[in-house]
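Peer 1: Letter by letter, the chains look like this.
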Amino acid sequence: RKEVEQDPGPFNVPEGATVAFNCTYSNSASQSFFWYRQDCRKEPKLLMSVYSSGNEDGRFTAQLNRASQYISLLIRDSKLSDSATYLCVVNYNTDKLIFGTGTRLQVFP
Amino acid sequence: DTGVSQNPRHKITKRGQNVTFRCDPISEHNRLYWYRQTLGQGPEFLTYFQNEAQLEKSRLLSDRFSAERPKGSFSTLEIQRTEQGDSAMYLCASKMAGNYGYTFGSGTRLTVV
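First to last, the protein sequences are chains A and B. Counting in the working numbering, the first sequence runs from 1 upward without gaps. Counting in the working numbering, the second sequence runs from 110 upward without gaps.
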């Protein structure tokens with residue numbers, strides 16, 4: 001079993017739609033959680049950190065459920081520019097990032 | 110330039126040849142990481158350095174792979190006797206210890222033919 005699991009998608013949604021991605025992680029010792037965005041053939045870039053209390057950044061909302069070892073990302077009012085792969089990432093106290101396989105999002109007009 | 114720089118951007122090599130990639134991290138960052146990403150997968154951790162010390166190596170890093178960071182600044186990743194399965198994007202990232210702000214380079218895309 002992979003340490004971080006995500007539905008690879010693709011998720012094809014129209015502009016303006018709300019879309020949610022989920023992720024589960026296997027190691028209960030995980031300490032930090034992130035969503036990264038990766039455009040085709042580019043490097044991953046931090047989208048947002050994920051906190052137990054949940055956090056929001058504009059149209060993006062991230063949630064963490066430590067008891068269920070589950071992380072989510074909600075994107076509201078999708079834009080064409082949101083088309084990318086979204087990587088769920090956890091970090092243990094060894095300070096290395098463990099990435100999921102990524103979920104591909106395609107927003108169409 | 111304040112970002113992480115990787116060279117070359119692309120490398121095509123014949124099976125069995127040796128290749129070396131270079132990463133120049135953000136100058137004040139003392140930690141440097143190497144990841145490998147294959148098509149349809151997320152990046153996989155290979156190894157990391159704090160200053161010049163290599164602190165952890167993944168089991169993915171076979172004896173054909175070696176990484177160095179001799180002066181605690183730039184790092185090199187060498188692959189000896191390349192195999193087709195080594196074809197991937199090799200990503201470098203840097204950060205300050207204790208800080209969650211990783212910065213990734215643009216990667217080196219290796220194709221072994």
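Calculated directly from the structure, the hints in this document are not laboratory data. Treat the hints loosely; a few may be bogus.
Result set (SDA-like, lysine to any residue): computed pairs, CA atoms no more than 20 Å apart in a straight line [stated by the list, open to error]:
1) A/K96 <-> B/K120
2) A/K2 <-> B/L169
3) A/K42 <-> B/I121
4) A/K96 <-> B/F174
5) A/K2 <-> B/K180
6) A/K96 <-> B/I121
7) A/K45 <-> B/K180
8) A/K96 <-> B/Q159
9) B/K120 <-> A/N27
10) A/K79 <-> A/Y92
11) B/K166 <-> A/Y92
12) B/K180 <-> B/Q126
13) B/K120 <-> B/Q159
14) A/K45 <-> B/F154
15) A/K45 <-> A/D82
16) A/K2 <-> B/S175
17) A/K42 <-> A/L80
18) A/K96 <-> B/A162
19) A/K2 <-> A/R41
20) A/K96 <-> A/L47
21) B/K180 <-> B/K120
Peer 1: Return the numbers of the hints above that this structure violates; sort them in rising order.
Peer 2: Structure breaks hints 1, 5, 6, 7, 9, 10, 12, 13, 16, 19, 21.
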